[in-house]
Every structure is written in C-alpha cells, then in structure tokens.
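Novice: Protein chains in written order, with the working numbering: chain A, 1 to 215; chain B, 1 to 215; chain C, 1 to 215.
Please keep in mind that the hints were generated in silico from the structure rather than gathered at the bench. Only a predicted model underlies this, so the values are computations on that prediction, with no experimental measurement involved. Just so you know, not all the hints are guaranteed correct.
[Said to hold, decoys possible] The calculated lysine-lysine pairs, modelled on DSS-like cross-linking and capped at a C-alpha distance of 27 angstroms, are:
| # | chain 1 | residue 1 | chain 2 | residue 2 |
| --- | --- | --- | --- | --- |
| 1 | A | Lys93 | A | Lys39 |
| 2 | A | Lys93 | C | Lys207 |
| 3 | C | Lys93 | A | Lys39 |
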Amino acid sequence: MEYINNIIDELQNAELFNLIEFLGTVAFAISGIRLASAKRFDWFGAIVVGFVTAIGGGTMRDLLLGVTPFWMLSSAYIWGTVLAFLIVLFFRKFLVHLNNTIFWFDCIGLGLFVVVGYEKSLALGYHYWVCIFMGLITGIVGSIIRDILINEIPIIFTQELYAIACIIGGIVFTICVMFNTDMFVAEIATAFTIIIVRFFATKFSIKLPILKGDD
Amino acid sequence: MEYINNIIDELQNAELFNLIEFLGTVAFAISGIRLASAKRFDWFGAIVVGFVTAIGGGTMRDLLLGVTPFWMLSSAYIWGTVLAFLIVLFFRKFLVHLNNTIFWFDCIGLGLFVVVGYEKSLALGYHYWVCIFMGLITGIVGSIIRDILINEIPIIFTQELYAIACIIGGIVFTICVMFNTDMFVAEIATAFTIIIVRFFATKFSIKLPILKGDD
Amino acid sequence: MEYINNIIDELQNAELFNLIEFLGTVAFAISGIRLASAKRFDWFGAIVVGFVTAIGGGTMRDLLLGVTPFWMLSSAYIWGTVLAFLIVLFFRKFLVHLNNTIFWFDCIGLGLFVVVGYEKSLALGYHYWVCIFMGLITGIVGSIIRDILINEIPIIFTQELYAIACIIGGIVFTICVMFNTDMFVAEIATAFTIIIVRFFATKFSIKLPILKGDD
Numbered sequence: 001m002e003y004i005n006n007i008i009d010e011l012q013n014a015e016l017f018n019l020i021e022f023l024g025t026v027a028f029a030i031s032g033i034r035l036a037s038a039k040r041f042d043w044f045g046a047i048v049v050g051f052v053t054a055i056g057g058g059t060m061r062d063l064l065l066g067v068t069p070f071w072m073l074s075s076a077y078i079w080g081t082v083l084a085f086l087i088v089l090f091f092r093k094f095l096v097h098l099n100n101t102i103f104w105f106d107c108i109g110l111g112l113f114v115v116v117g118y119e120k121s122l123a124l125g126y127h128y129w130v131c132i133f134m135g136l137i138t139g140i141v142g143s144i145i146r147d148i149l150i151n152e153i154p155i156i157f158t159q160e161l162y163a164i165a166c167i168i169g170g171i172v173f174t175i176c177v178m179f180n181t182d183m184f185v186a187e188i189a190t191a192f193t194i195i196i197v198r199f200f201a202t203k204f205s206i207k208l209p210i211l212k213g214d215d
Numbered sequence: 001m002e003y004i005n006n007i008i009d010e011l012q013n014a015e016l017f018n019l020i021e022f023l024g025t026v027a028f029a030i031s032g033i034r035l036a037s038a039k040r041f042d043w044f045g046a047i048v049v050g051f052v053t054a055i056g057g058g059t060m061r062d063l064l065l066g067v068t069p070f071w072m073l074s075s076a077y078i079w080g081t082v083l084a085f086l087i088v089l090f091f092r093k094f095l096v097h098l099n100n101t102i103f104w105f106d107c108i109g110l111g112l113f114v115v116v117g118y119e120k121s122l123a124l125g126y127h128y129w130v131c132i133f134m135g136l137i138t139g140i141v142g143s144i145i146r147d148i149l150i151n152e153i154p155i156i157f158t159q160e161l162y163a164i165a166c167i168i169g170g171i172v173f174t175i176c177v178m179f180n181t182d183m184f185v186a187e188i189a190t191a192f193t194i195i196i197v198r199f200f201a202t203k204f205s206i207k208l209p210i211l212k213g214d215d
Numbered sequence: 001m002e003y004i005n006n007i008i009d010e011l012q013n014a015e016l017f018n019l020i021e022f023l024g025t026v027a028f029a030i031s032g033i034r035l036a037s038a039k040r041f042d043w044f045g046a047i048v049v050g051f052v053t054a055i056g057g058g059t060m061r062d063l064l065l066g067v068t069p070f071w072m073l074s075s076a077y078i079w080g081t082v083l084a085f086l087i088v089l090f091f092r093k094f095l096v097h098l099n100n101t102i103f104w105f106d107c108i109g110l111g112l113f114v115v116v117g118y119e120k121s122l123a124l125g126y127h128y129w130v131c132i133f134m135g136l137i138t139g140i141v142g143s144i145i146r147d148i149l150i151n152e153i154p155i156i157f158t159q160e161l162y163a164i165a166c167i168i169g170g171i172v173f174t175i176c177v178m179f180n181t182d183m184f185v186a187e188i189a190t191a192f193t194i195i196i197v198r199f200f201a202t203k204f205s206i207k208l209p210i211l212k213g214d215d
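Next comes chain A alone, as it looks inside the complex:
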C-alpha cells in the first residue's frame, strides 16, 4: 500500500503528468462549453457545464470513496475551465479546424482520468472490481451530467464506445497489478490501451449493439 502511495505521490509531482491532466481537463471542458453554446446558454451557464464535464466524474468518484473532491484542493481545474471558455469564445471559428487536436487531448485526458481513478481507489484498499468501476466513473460521469444539464439523453448510452475503452483499460491495469508490473508501466499500458481503443472505435465507427425494445 505504501509502495502504491509513494508512486502516486511521485506521479502527482511529475510535471508531465500535471501538464497532461491539465490539457485533459481543458479538452473535457471545451466539449461541455461547445454543447452548451449550441443550446444558447449564457456565459455563466457555459462555464458551469464545462466545469461539470471536466470534474463531474472525479467528483462522483471522490464522494463514493468518501474523500474530499480533488478540485477543492487546487484551483487549477477552475482556471482550466476558464481557459477553455476563453478559447471557445475567441477562437470559435478556428476551433473547427482543431477538432482533431482536441479529439487527441480528449482521448489522452480520458486515459489519464481512468488511471487516476483506478489508482486512487487502489490506494484506499478497494478490490480490483471497485477500482475498475471507479476508473470508469472518473472517465464517463462528467459527460453524463453534461448531457443531463443540456436536457439530452446521455450520448454515451447510445452512440460511443467510450465506456468500453475505460473498462478495458481498467482490466489492463488490474492484470498489470496482479503481475506486479512496475506501476509506471501499468499506467502507460492502461492509458495507451484506452487511447487506442477509443481511436479505432471512433475511426471505424465501431458501436455496441442496440438493445431491442419490447415493441
């Protein structure tokens, strides 16, 4: 356990990790703010939706784990959201050409969010399946709350292989931990798996089957 805690401490001090997490936060927030603007939200509403998209998953995870929500310990996430808002406000037309770049930040952010969620649960002594679950929650709940706020059915339930990527990533992490892999290797393998699965699912429009209704 101490071993894991040390790794987490190290990791959170790592500048690269911080930078990527910040970029992931900004990418998630941009997705929320753009959807809010399509619904003609005002500036405040757009910022709230962006913020909730970025921190909703980690907040739900921290509430379930019974720890202080991560964003209450550092104002970086608020500034990341404000930055995302300014980007959408001033570079709206330019942003369309950046869709590809934003998609990559979003993928990498997702990979990292799942890793953080998994490790935090592991460090608190939870079973592997709870850790996989918390990784998943960290990755997807922000976008679910975003879609509830803009009064749409969560897109994740009907159109994207987003969640499966998080679950597969969690399984990869579990296998690494079971085989006592170096923690850094486990993190890279997990994040990489999620990014790859999400990339190919998007590129080839791979979707889960629809559950047929009762008619």
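Let chain A serve as the given structure and place chains B and C on it in line with the hints.
Specialist: Below, chains B and C without anything else, positioned relative to chain A:
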C-alpha cells in the same frame, strides 16, 4: 443500539433475506433495462440504467448518511444487474407474460429496500423522521435517476402511489419500534404494509390528486 | 477559527436569522411547487420538487464538504416545505398578487443561503475561493435540480443574473474577511449586495451574453 445492530447482523446473514434482496435488485434492474431499451440505448447504456435503478436509492441514502455505498462492499449487485440484462436480452418476448411475476418481485424488493434503509439509519442513531425519510429515499431515488437518464419526467411524480407506500411503511416501522416490538415482526409488518398498499394502489389505479397549475 | 465558530453558533441561535432562513426556505419551496404544478405533478411530486429546490444547494455543499446534510439535523425544512405546499394548494389564485412579496423572500433567502454556505466552508478551514464556490452552490444548485426534475434546461443557465449575484456576494464577503471586518457586518454586506444585484438585474432585465454556437 447494540440490540438493533445484532438484529441487522443476523438479518444480513439470513439466506432468505439475501435471496429476496437479490431478487428485488434484479426486478428493479429489469425495469430500468426495459425502459432503456425502449429508448434504443446500447448494451452498455442499458446495463448502466439498470444498475442505477437498482442501487441509486441506497447509494443516495449512504452518501447522505456518510457511510460507504453498500454496493461497493459486495459485487452481488453488479452480477444481479448483468443477470437482469441477460434476461431482457434473451427472454424479451417471454418477459411480457412474466409481467405479473416481475411486479411481485418489484413490490417485495421495494418493501425490503425500505426496511433496509430504515434500519440502517436507526442503527446510526437518527431520529424516526430521518429513518422514514431514508426508507423513502432507498425506495424511490433509483427510479427518479432512471427517468432522468432516459430524459423523462420521473413517473413517480405524476402517476403512481409508489412513494406513499414507502412512507406508510416507514410509519408502521416507527410505531413498531415505539412499542418495542420484536425487530423481526417490525420488518415483516413494514414490508407487508408496503406490498399491500402498492398492490391495491396499482390494482385499483388509486392515485394522488394532481396539483392544479396557475393557468 | 474559533472566533468564526463562535459567530456561527451565535448566529444560528439568533431568532431573526432563523426566521429569515425559514422564510427563504418557504420561498424557494414555493417556486419549486409552482413549477411542478405547471407540469401536472401530483401532490407528492410537488412536495418533493419543492423540498429539493429548498435544500438541494445546501445538501450538495454539505456532501462536498463531507458533513451531515443540514436538513437531517432539524425537521424545520420539511415543515417549511409542507407549509409552502399548503400555501400553493389553498391560496393559488391569491398567490399571483403576492408575486412581489415572494420575490423579496426569495431574494433575501438567496442572500442568506450564500452567507451560510460561505461561513460553513470558512469554518471548515477552506480557501476563500472554495468558500465563494460553496456559497454559489448553496444558492443555485437547488434550482438546477428542480429544473432537471421537471425535465427543463436549468433556467439559471440561460436567463437570469442569479448566479453572478451569488459570486459578487462571495467576493464581498472575502474582502470583508480580509479586512477583518466584524463578522456580522460582513454577513449584512454580503446578503445586501446579493439582494441589490438580483433586484436590479431583474428590474432592468440585465442578462449575461449568450455564448454563440458553432452554427
């Protein structure tokens, strides 16, 4: 207090109780999965909605009480949801003929959920009215979140005498506790009351009055 | 810190404060119940929506702060909601003529809710920006959940300068604390600022700009 704790321990070891709670979970999950399939959710979306319907109330209760959400301590609830999904997937057409059976599981599940919610709050030393409230929350919040996720107005607010059954059950439990009834008798009386009220309300389409608008 | 706690204790014992908080709760609940009745909710549904409107913000704040939700410690908030329900039920037609009075209770309630949220976070040792945030959450989350339950886009995101009033109020409180102002003065200044901003924003229909979409 110790007395109550002992009862709860005994109860949770009771195989019959576990079996019925499992069946209640499956029945709640089936209701969520069927509604999700009517909205053309994919497999993952349907499982999430089923899971949230089954565990949403107890999770809200545990967050409010400040204890670890119950389903993080046992994977039975996830397997119950997966089972519910498989039932809907493979026996969809057959399920219509089972509506009556599922309704009974759902009623019994509701009765048990309220009992569990009440007892957990009582064991934590809360006032009777908080216990009644927590029983109610355990019983109804899952279906409220389910309806939010499928983007509908919660059916419980407009059409069913579902919630009143939970409140009456909670009052019965309170009376039993006040009169120092044997705890097992209190549980049976509570669950039985809820099942009866819900059964007759459904059979005779008894509804609460609509609150007239301002026009 | 002890100083702040003393102030809070004193304050919560103050009868005037209690009375105003109660009136604020009733005003918030009335807004929820009227919107629910416009959607043809039944009596139970209307009471739930009223209650959630009144206590939703403080509950979210308390869950994030990791303390027991305030309304579980006193049944006053439930009775306030029941009172609000009875008022809407019996004085529906008369209520239209009271819109002005209700608006004032609502404004004053908002001012007080923000003050309570700010002080509670300050007493728990959080940074100023977290306190401003918690004041905001206390003020607005109830109405967001209300609008989700009636299946509408939260009105606060598109039409009102409600949230900005809470933020400006939080900044005023922060400035007061930084200058070591008497706590009572800080509270009055904060609540007064919020009421004034909200009043003028409503009177002159001042709104935030809409964030233009991608088209």
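Novice: Straight-line Cα separation of lysine 93(C) and lysine 39(A) no greater than 27 angstroms?
Specialist: The given pair, whose Cα atoms are some 34 angstroms apart, is violated under the 27 angstroms limit.
Novice: Between lysine 93(A) and lysine 207(C), is the straight-line Cα distance small enough, at 27 angstroms or below?
Specialist: holds, 24 angstroms
Novice: Lysine 93(A) and lysine 39(A): Cα distance at most 27 angstroms?
Specialist: The given pair, whose Cα atoms are some 17 angstroms apart, holds under the 27 angstroms limit.
The earlier numbered hint that this structure contradicts is number 3, and it is the only one.
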